[in-house]
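Take the given structure of chain A and dock chain B to it, following the hints.
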Amino acid sequence: MNVVVLNEVRKGFYLDSVALMRLSREVAGSPGVIEAALMMGTPSNAAIMRNAGLLEEGSAIKGNDLVIAVKAESEAAAREALDNAIKSLDKPKTQGEAQAAWRPHSIAAAVKARPEINLALISVPGEFAAAEARKALNRGLHVLMFSDNVSLEDELSLKQQARAAGLLMMGPDCGTAVIGGAPLAFANKLTRGRIGIVGASGTGTQEISCLISEAGAGISHAIGVGGRDLKKDIGGITTLMAIDAFDADPETDHVVLISKPPHPDVAKSVLERIGRSRKSYTVCFIGASEVQLPPNARFSPTLKGAAELALGHHQIGADFDANAVASRLPRSGRGGIEGLFAGGTLCAEAQVILAAAGRKVASNAAIPGVLKLGVEPSGGRDRLIDLGDDEYTRGRPHPMIDPSVRDEALRAALKNRDLSVILLDLVLGYGAHADPAEHLAKIAADRGPDAPVLVASVVGTEQDPQGRSAQIRKLEQAGFIVAPSNAQACELAVAIVQNAGR
Amino acid sequence: MTDQDRPQYQQLLARKVEVVNVGLEGFVKDLRDCDIGVVHVDWKPSAGGDPQMAALLAKLGV
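Residue numbers (the UniProt record's numbering), protein chains in the order written: chain A, 1 to 502; chain B, 1 to 62.
Calculated directly from the structure, the hints in this document are not laboratory data.
Every residue gets a Cβ at the ideal spot worked out from N, C-alpha and C, and that includes glycine.
Hints should not be assumed to be uniformly reliable.
Claimed, not checked - Not close to chain B: a few residues of chain A, all C-beta gaps over 12 Å, as computed:
1) Glu75
2) Leu89
3) Arg331
To be verified - Think about it this way: if two alpha-carbon atoms lie no more than 30 Å apart in a straight line, the pair counts; the simulated DSSO-like pairs of lysine-lysine are:
4) A:Lys231 with B:Lys29
5) B:Lys44 with B:Lys59
6) A:Lys279 with B:Lys16
7) B:Lys59 with A:Lys360
8) A:Lys62 with B:Lys44
9) B:Lys59 with A:Lys112
10) B:Lys44 with A:Lys87
11) A:Lys232 with A:Lys268
12) A:Lys372 with A:Lys360
13) A:Lys87 with A:Lys62
14) A:Lys442 with A:Lys415
15) B:Lys29 with B:Lys44
16) A:Lys231 with A:Lys268
17) A:Lys87 with B:Lys29
18) A:Lys11 with A:Lys62
19) A:Lys11 with B:Lys16
20) A:Lys232 with A:Lys372
21) B:Lys16 with A:Lys112
22) A:Lys87 with A:Lys11
23) B:Lys16 with A:Lys360
24) A:Lys91 with B:Lys29
25) B:Lys29 with A:Lys112
26) B:Lys16 with B:Lys59
27) B:Lys29 with A:Lys442
28) A:Lys62 with B:Lys59
29) A:Lys11 with B:Lys59
30) A:Lys232 with B:Lys59
31) A:Lys279 with A:Lys232
32) A:Lys415 with A:Lys372
33) A:Lys91 with A:Lys62
34) B:Lys16 with B:Lys44
35) B:Lys59 with A:Lys91
36) A:Lys268 with A:Lys279
Bound conformation, chain A alone (with noise of 0.2 Å):
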C-alpha cells in the first residue's frame, strides 16, 4: 500500500488538547486516512507524532506551531482530510463563541483588570506549565495546576516560592479540588458539609467526596496537592498547609488525607503535624500497611473505608451484598479478573482489595506488593490497568474526558475466554465527558453471550451534569452490573471468581 504524509503547520496557532482531540477525530475518520493527529508542537508532541511517522521529512515545528498531520492511502485522500481539517480551524465562530467575554492575553492582563482574582486554574502543555504557574504567583495568586509533565525541580521550586509568600500551589498534576464550592478542574457538584478533604490523588479525593456527599454528609474544601507532594523530594509542602488551613477553618470539624504511602520521613512529619491539629483526621495512605497515628488520627486502606470513618462509622451500601449477588449469576468456569481504570486510585483501591482476598494480581500502576505489568510473567494472575497512566495519555486526554482510551482494551477483554469478570470505573462530575455511560453501552452491545460479567461501579453525584443515576441505568439496561462503591465492586468481582471455581 502507498503510504502518504502530509502535514499543515500554523505558525503561533493555539488550541486547548480536548478541542484538538475533537478535530482529530473528524480527521481520522475521513475517507482513506490510516492516521491522523492535530497537536501542539512541543518538543514532546514533536517526538510522539515522529515516532508515529507523522511528521514528513524535515519538518521543523515549533511549541507555538499547530500542526495536523495525516497519514492515508493515498496522496488525494490525505489532501482531502488535511483540507477538511484547514476548513474546520478556520470556521467563523458561533454567535455565542463571538459573543463571550473579554479575553486578556495574559494572567498580568487579566489581574490588572480584574484585581479580585485569587486563584489561578493552569491546564496548559506541561512544558509551559511552570512558567504559566510562576507569573500566578509572582502576582499574589494561589495556583491549582492540573499539568502534568513538570519537573520535580519545578514542582519543588514553585511550592517552595508559594509557601515563601503564604500561597496555596496545589498541584502540579493536580486533577481535582473543591475551594468553596468552586469545582477546580475534575470536580462534582457535592453537598456542602463539615468534612474537608487533602487529597493527593484525583480520583481517590473523587471517590471519598462523592461516597460523603450520597451518603447525606458534606464537603466544606476539598484541597489537592498533587501526587508527588508526598515524596521525599518534596518533603509535603501543600500538605502541611493545607492542614494549617483546616486547622483555621470554623466550616471544618473533620479532615480526610488521602495518598499513596508517603516517603517514611515525609509521613513522620505530616503525621505529626496531624498530631498537634485540633481537628480529628481520616488517613488513607492507599496500599500501605496500619501506621502509627496520633490519637486524633484513624487509618483505612480503603476510599470506602475512609469515607465510612469520616462518617462515623456510616456503612456504605449496606444492602449490597457481593455474595448473593455473584451466588445468582450462571458459573463460567472461568476464573480471572480484569481491571479497566479510569482513575488511578480506584485502581490502586482494586489492588488492595484483590489482594487482601488472596488474589494473585499485577498492575501498570502497582502499588507495594503487587507485581508490576511487563516487568515480569503475569500469566494466570489478574490485571488491573491504570489508563489514565502515562503509557496511555501520552499525547491524548485523560480516558476520564475521553472515554474511547479504553475502548481498545475493553474489546479485548469482552472477548478473551480465560475472564470470568471485567471490572470498570466511571467517573462524573464537572470536567468528564459529558455520557460516559452511553459510550460504555456502546462497545457492551456488540459483545458474545460468554462474555465475562460487567462489573462496574459509578464515581459521582445526582446533583453531577450527568446525574449518578441516569448513569447506573444506562450501564444497568447494557447488562452492567453496578456497584454502589469502587470497592464493593472489587468485592463482587472476587466473589464471581470464587463462585466459578466452586
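What follows is chain B alone, placed relative to chain A:
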C-alpha cells in the same frame, strides 16, 4: 489571631474564589455554572514556543 493577620493560604477557605483560567477552556463553563467568577486567558506558548526560554522569562518576571 484575626483573619486578616493569617497568611493568605489560611484565608483562602473563607474567601470567595475568583479564577483566572489558563489552558482548557471547558473549565470556564463549569465554573460559571457554579456562579464562580472566571476570566479565560487567550493563551499561546510564550517565547516563540521555546519552553526553556519561556521558563527563564517567567523567572525574570517578564
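Item to complete: Just pull the numbers of the violated hints for me, sorted ascending.
Response: The structure breaks hints 4, 7, 19, 23 and 35; every other hint is satisfied.
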